Structure formats: structure tokens, C-alpha cells
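Student: Build the full structure now, drawing on both the sequences and the hints.
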Amino acid sequence: MEEIQYLDWNNSNQIIKKAYEAGLFVLIIGPKGTGKTSLVRDFAKINNINLESINFSLRTRESHLVGTKTLTDGTVSFDEG
Numbered sequence: 001m002e003e004i005q006y007l008d009w010n011n012s013n014q015i016i017k018k019a020y021e022a023g024l025f026v027l028i029i030g031p032k033g034t035g036k037t038s039l040v041r042d043f044a045k046i047n048n049i050n051l052e053s054i055n056f057s058l059r060t061r062e063s064h065l066v067g068t069k070t071l072t073d074g075t076v077s078f079d080e081g
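Using this note's numbering, read the sequence shown as starting at 1 and increasing by one per residue.
Do not take every clue at face value.
Claimed, not checked - What follows is a set of in silico ranges between Cβ atoms, one per label pair, in the way DEER data are often shown: (1) 38 <-> 68: 30 to 36 Å; (2) 74 <-> 19: 46 to 52 Å; (3) 73 <-> 11: 55 to 61 Å; (4) 70 <-> 25: 28 to 34 Å; (5) 8 <-> 73: 51 to 57 Å; (6) 60 <-> 11: 28 to 34 Å; (7) 55 <-> 24: 19 to 25 Å; (8) 11 <-> 76: 48 to 54 Å.
Keep in mind the hints are simulated off the structure, nothing from the lab. None of these values were measured; they are calculated from a predicted model. Cβ atoms here follow ideal geometry from the backbone N, Cα and C, with glycine treated the same way.
Tutor: Laid out in C-alpha cells, this is it:
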């Protein structure tokens, strides 16, 4: 299977690299299928950076990320996100 790469037509990799080197976070937004994930995967590969990917949606809640307390049979426990 051929590997798909992001076509960097607007110097996105350079912009992300500057932000990364400055310790800044980058928010990448856009319609589905426009290459947001491919851009980040390509950047990580080029710069030998370990990448972990998490997909969010409008239904993603804080408890999905950090966890939540639950009550089962009178016992409180913590379920990790």
C-alpha cells in the first residue's frame, strides 16, 4: 500500500516547526478530509517525533479524557479516561 503524504503548499510544516520549537501548541482546524491529520503525521515523521493521535468529536466529554468517579453498589471508584 502506498504511503500518503501531506502536500505542503503553504509552508505549514515550517510554521508548525517554529511553534514546536517555541513550546507553543498549534490548533489545526478545517473540514473533514483536508489533510489535518496527514500534516501532523508527516511533521512528526520528518522531525522524528513520537506521535499519539486522539480523535475528538462534539460528543467528547472531559470525563473521556481525565476520567470520572462512579458509584457501584455503594462503592465510589474512579474510572480512568
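Student: Please test the hint of 19 to 25 Å on the beta carbon pair from residue 55 and residue 24.
Tutor: holds, 22 Å
Student: Taking 28 to 34 Å as the stated bounds, is the beta-carbon spacing between residue 60 and residue 11 within them?
Tutor: holds, 30 Å
Student: Do the beta carbons of residue 11 and residue 76 sit within 48 to 54 Å of each other?
Tutor: Check passed, 51 Å falls within 48 to 54 Å.
Student: Taking 30 to 36 Å as the stated bounds, is the beta-carbon spacing between residue 38 and residue 68 within them?
Tutor: Cβ of residue 38 to Cβ of residue 68: about 33 Å, so the range 30 to 36 Å holds.
Student: Lying within 28 to 34 Å: is that true of the beta-carbon distance residue 70 to residue 25?
Tutor: holds, 31 Å
Student: Can you tell me whether the CB distance of residue 74 to residue 19 sits inside 46 to 52 Å?
Tutor: holds, 49 Å
Student: Indicate whether the distance between the beta carbons of residue 73 and residue 11 respects the range 55 to 61 Å.
Tutor: Given a distance of about 57 Å, which is inside 55 to 61 Å, the answer is holds.
Student: Mind checking the hinted window 51 to 57 Å against the Cβ distance between residue 8 and residue 73?
Tutor: Holds - the Cβ-Cβ distance for residue 8 and residue 73, about 55 Å, lies within 51 to 57 Å.
Checked against the numbered hints above, the structure breaks none of them.
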